[in-house]
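Asker: From first to last, the protein sequence lines are chains R and L. Everything in the first sequence is counted per the numbering used here, starting at 38 for the first residue and increasing by one. Everything in the second sequence is counted per the numbering used here, starting at 9 for the first residue and increasing by one.
Treat the hints with care, since some could be wrong.
Stated by the list, open to error - Below, a sample of chain R positions facing chain L; criterion: calculated Cβ distance under 7 Å:
(1) 197
(2) 202
(3) 294
Because the hints were derived from the structure by calculation, they are not lab data. For clarity, every value in this text was computed on a predicted model and none was experimentally measured. Note that beta-carbon positions come from the ideal geometry of N, C-alpha and C, so glycine has one too.
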Amino acid sequence: MMKKKKGKIAQVPSWLWMCLSLLAAMALWILIATSEAGGVIFAEPWEVVQTAVDKIRDGTLWGHVGISLFRVLTGFCIGFILSIPIAILMGWYTPFRKIVEPWIQFVRNIPPLAYIPLVITGAGVGEKAKVIVIFIASFLVMVVTIYQGVCNVDTTLIKAAKVLGAGSKDIFFQIVIPASTPFILVGARLGLSASLTTLIAAELTGASKGLGMMIQKAQGYYDMSTVLLGIIIIGVIGLVMEKFIRFLERRLTGWQETTGAQ
Amino acid sequence: MAGNNRRTVIKIDNVNKKYQTRKGEVLALSNVNMEIKENEFICVVGPSGCGKSTLLNMIAGLLEPTEGHIYVNDKEVEGTGPERGVVFQQYALFPWLTVLKNVEYAPKLQGLRGKALEEEAMKYLKMVELEQFASSYPKELSGGMKQRVAIARAYAAKPQVLLMDEPFGALDAQTRTQLQSELIETWEKEQKTCFFITHDVEEAIILATKVVIMSARPGRIKEIVDVDIPYPRTQETKMSPRFLEIKNHIWSEVYKEYLEVRK
Chain R
38 MMKKKKGKIA
48 QVPSWLWMCL
58 SLLAAMALWI
68 LIATSEAGGV
78 IFAEPWEVVQ
88 TAVDKIRDGT
98 LWGHVGISLF
108 RVLTGFCIGF
118 ILSIPIAILM
128 GWYTPFRKIV
138 EPWIQFVRNI
148 PPLAYIPLVI
158 TGAGVGEKAK
168 VIVIFIASFL
178 VMVVTIYQGV
188 CNVDTTLIKA
198 AKVLGAGSKD
208 IFFQIVIPAS
218 TPFILVGARL
228 GLSASLTTLI
238 AAELTGASKG
248 LGMMIQKAQG
258 YYDMSTVLLG
268 IIIIGVIGLV
278 MEKFIRFLER
288 RLTGWQETTG
298 AQ
Chain L
9 MAGNNRRTVI
19 KIDNVNKKYQ
29 TRKGEVLALS
39 NVNMEIKENE
49 FICVVGPSGC
59 GKSTLLNMIA
69 GLLEPTEGHI
79 YVNDKEVEGT
89 GPERGVVFQQ
99 YALFPWLTVL
109 KNVEYAPKLQ
119 GLRGKALEEE
129 AMKYLKMVEL
139 EQFASSYPKE
149 LSGGMKQRVA
159 IARAYAAKPQ
169 VLLMDEPFGA
179 LDAQTRTQLQ
189 SELIETWEKE
199 QKTCFFITHD
209 VEEAIILATK
219 VVIMSARPGR
229 IKEIVDVDIP
239 YPRTQETKMS
249 PRFLEIKNHI
259 WSEVYKEYLE
269 VRK
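If we strip away everything but chain L, and leave its shape as in the complex, we get (with noise of 0.2 Å):
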């Protein structure tokens, strides 16, 4: 699955972050080096406050590194591009549009119109299953719909890497084991990179080919576990001696991180 033949879509550079707070500067990144291959799906791990969303949001180019560079497809990121979309823990659904017009957001700002336009979005709607929704305002939605939305509309964008921040972390146990299904599925029809956050170890294992370990604050990768488990993965893969043995390892090391940030 993951051949070293493949492209590297995202190179992080010796980035650091600092943060100005009121009590002076905080180190939230220290000395972070990684590459993501094209269509590696990488999950990240850590406590909180290890600086993980401060990475995805420096990739996504809501923020800049303090030092460092990230690059995507070679070039330096400077700001929000195209080839990346970004799903958010909050969805983030505009409430003021119907469902179909959310999906239709960025195809819309691509230049489609009319028929086309419309036909483009009902696809991504079809894929998530939501399509008898599309007149339906966020608010007559559930938590789990209305992420399905969310990751419709970034899917919309045609985006090469998506980059998610915690999406499932707001929604009950059932939800998420069923939103993490779609995703793989969605994953092995339509490849992308992913970069995908979470602080659930099952979830990360489920979904990844890379689990990546961040250490508590300054954030630093810990360590990065090849994930050799085939797909298609469902929830019975959880039940695999190969799972429960990556599992128990990624754990341990995450504990120890959370003790850290204890002490």
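Next comes chain R alone, as it looks inside the complex (with noise of 0.2 Å):
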């Protein structure tokens, strides 16, 4: 009887799983919008997608979500591109690793809130601000994550491209840096979220614009189908960056001997 069960279970498809699962979620929000307690701050799904809607139709919607995706896809790619070589040079120049790593360890327990103010003073309340707040939080989780991956390289590998014949050259392009991908992948994906955490907070140093914005204007007004709607697409645009990293960690390191997180 059990053994029927279970193989029953096994047998559903995963986007069956994937809608109960927002069907549950639906039922659970109508459930605790319709009580007495939680309808003063949940507003229903059906209040939530009328002002979508209407946000829509005014244009005002794309606007908030295009800035604050641009901050967010500026100031991550700008730490990206930075924390590769700053992490490898870490891993293999210890004298620049002994003057940098306490710096990084330092900074990336402080909450990019106790800085913004440093970064509004120098950098004005314009996007320069914003994108560099949300610059230094990803940076620094991309630099820690990617630099353990380099330190991580199997000298054995190394020793055996060395005896096959390469080069220094050779052996950072075509060992280290594939050896390493996995970590920048997983640096990458770490901090796309920080980024996206990172963006409300950036947000509050004096934007006209943006999902931040948007929540913290419609709190004055006591406007809670806004709030939970730029909430939720929040959510969703971090899901989508997540999956998109999931997709590249498919194509790039599926060579990986280890069954990691699936």
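Dock chain to chain to rebuild the complex, using the hints, since each chain is given by itself in its own frame.
Answerer: Right, here's the structure in full:
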């Protein structure tokens, strides 16, 4: 009896599970929104949908989404491009590591909110300040992760390449980079999530547009359906980015021995 | 088989190797002298920690002697070189490359491209009978297959000397005997100077023209035994009286060193 049941559960395709999960979440949401206590904070799903339709019609929603995406992606990309060479330099050149690592470990534990006033004073209240804050947050996470990857490169592989005739340049591009790719991708995933987390903080630095700003402003008017809409959109953006990185992981690191997190 | 008129390929001249550890200086190898002639198959046996891997790494150019010199073809070893190939115990295949691309690695660095490159690599994959796995990734292969790819990859670099550091140590007994037979066959077909490290006395005798017995730390050469059993050798060779005689002798010598380590 139990065995049969188990077999049936395994037969359900994963997309159906996804639908069930979504439906259950919806039901939970409606339950909370219609209850007395929850109704005060939670708008009902159709209210949120209505808000979304309105905001798409008057064209304001894309402005918020667009500028937020621009900030996240710009900050993240600068962080990504800079973190790879710095992490590799740390892994390969001891004096550089000895000097730079304590700085990174120190700054890493400070929440980005704390240095926002400093960044605004330096870079003004424009786009620059927000991109800088997101850059710092994502860069620190990525540099630490990728550095660990570079340190973990199997030295036997480097020896093997050497005895097969590889020079320093070959070893760098043909061994160290591919061997660190799994860590670079993990770094990218953590970096993207740090960027998104920091987005709201960055948009507190006096933005006129952006998802964080939209949420912030709606709270002032007690417009809970807009707050929820903003939260859901941020969640969806995070999910899409995550899926993209997973796709890259499958394409680029399928060669790994370990069947890691699926 | 082991004629004295052959050219010396490797000359180890009064080599000492010291390591710095937290407890102070450790002498790993002491006064090692050896000459290896062309196409000889040398097996080195000794208790673990006797410095046999260190010696191999120094011939490969991955480590430097603290004192003394190592010459390959009368030239002092300075770093790695194309005339010396290495097969590691842990296979060390590049996991992100297919089997074929792994074997192509050295010929590609040597400048081969396109069709010629592929044909060259396939030739060595056929030698180890793995041509049908050309497009597989290392993770899809068993340990024995991985080591055969590693041997093909080392051969494809066309080294004059093949250095092998306990290459079959991580394999099960059955796969190990199979790979031993294959290695002797290959060596008889494509003669090369081999320097092979093992802790398995039977393996050493079945493969080698000469077995080098090393002492416990600090590693010294205790004795060099000529294995005067003609090739082709098979698994039945292990039953022959001469084989058993040599085995008894080497084993008792090695055993004394094990006891030394346990003291």
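Asker: Going back to the hint list, which numbers does this structure go against?
Answerer: As far as the earlier hints go, not one is violated by this structure.
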